[in-house]
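**Student:** These protein sequence lines are chains A and B, in that order.
According to my numbering, the stretch in the first sequence is residues 1 to 226, in order.
According to my numbering, the stretch in the second sequence is residues 1001 to 1199, in order.
It should be emphasised that the hints constitute simulated quantities derived from the structure, not laboratory data.
Keep in mind that this is a model prediction, so the values were computed, not measured.
Heads up, none of these hints are tricks.
On the chain B side, residues computed to face chain A include the following (Cβ under 10 Å): (1) M1008; (2) S1010; (3) A1014; (4) L1015; (5) N1022; (6) R1067; (7) N1070; (8) S1071; (9) Y1097; (10) S1114.
Quick partial rundown of chain A residues pointing at chain B, CB under 10 Å, derived from the structure: (11) S79; (12) A99; (13) K110; (14) M111; (15) Y115.
We treat Cβ as the ideally placed atom computed from N, Cα and C, and that holds for glycine.
Read off the chains here:
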Amino acid sequence: MLGFQNQKNVCKIICMMGVTILTQFPTGNRTGPETVEVLSKRILALGAAQQGQFLVDCDTYTSIPQLGPQRTVHVLHNSEQPATVFSLLESGNKTIPLAADGLFDLLMMKMSSFYTPKKQTKAESKGLRYEIGDFCVKLGTVTVSSNFKGILVEVEYRPCVVPAMCWDLLKEFLQGLLGQSAPGNLPAYLQNRVQEIYSPIDTIHQYLEHFTLFRKSPGGMGLRTQ
Amino acid sequence: MTSPGSAMDSLSAALKCNIIPNQEYLLQGSVLDQYVEVLLHRLRGLCDNVDSGPESFHDHELCFTLRATNSSGAPMVLPLRVRRALDVSDAPFQLRYVGQQELGDKNRPTVVRSSIDMACSSTIVDFLTELGCRLDFEYIARGPGEGVEPISQSYLVELSVLAPSGQDAIGEDMRVFAEQLRPLVQLEKIDYKRLGSMM
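Just chain A, with the same shape it has in the complex (with noise of 0.2 Å):
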């Protein structure tokens, strides 16, 4: 009961954030890091300053045959907030997020005689970050249990938290740097919530999408490796 007593003070766990847009850049006949290096030469000459490295990952759990029908359980991380652990559990067609404290890992670890971690999954995104004028721009190099799998780029507007509201503006910067791979519709996860407040489980949201085809991708989706 103390412990709840001090919770109460504590600021929110969801904090205010940009809208952000996840979108794959194909490396065409590139490797991973060639590609990068483009775009990271593109993001520069606009004008943009490389301020440290991001960092999202990504575990998945299913359950055991003896709790019924199966789920899995997603847990993700995002080096945006660091003090959060995202999971989203997918039962039926249902998928329900959580935000919760770090010690949610710990959590998972008890957990592990009714939910066991899916071999060979785990998923990450890792790279620069950039910062332009009020967009922030994150350049991630996708694994796939260590194999290299292809290239996410993040881009965030700040000052606007509806995607309605913002989405035109993305687009024509996403247009600008990404030329004719820039994606022309809002990712289908935000398709039906463009008027709502976007958060940052929105983002974990789009990452999962993505971490999910590149897991059923053999070899990353065609593409040279590394």
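With chain A held as given, fit chain B onto it using these hints.
**Tutor:** Okay, now just chain B, sitting in the frame of chain A:
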């Protein structure tokens, strides 16, 4: 600039350095409604926060368990509790795992049980339900003040400290503090197994 380490690496490091408060030291007792003011007065004399007075709480707690049998047929049970403040609407929900309590021998001053305590989003109830957890019981705790549907004419008094494991001096401090409340409240190591067999 070093690259951000993985969250699991930081957790392993924190476990290794033993800085995670994952042990609860606990003493429990009760006081009759008519003497609660005397106890509060006594606590005001013992505690530092005399000016601000006691912090009130009005919490709803849901107690879940995740149950299954392992491959050799033995039952596995994982208790999980969700607590939310009814009086502070924007407070995060609290998720808590509480392990088996260890009473120890009579030289150990308090009950010790492992505890993982974290703030989380309000989706936790749906999350646990879909995870396969079953709701065993729920209750509302309110204090100090009148309960909505009191289940007895007493107040439950708990003295609880969360600390990293191996901090046994805390138990001793708690025993000394509990001595100061006698004979108004007898804070003791409560053995739930024995309580169960008495009913």
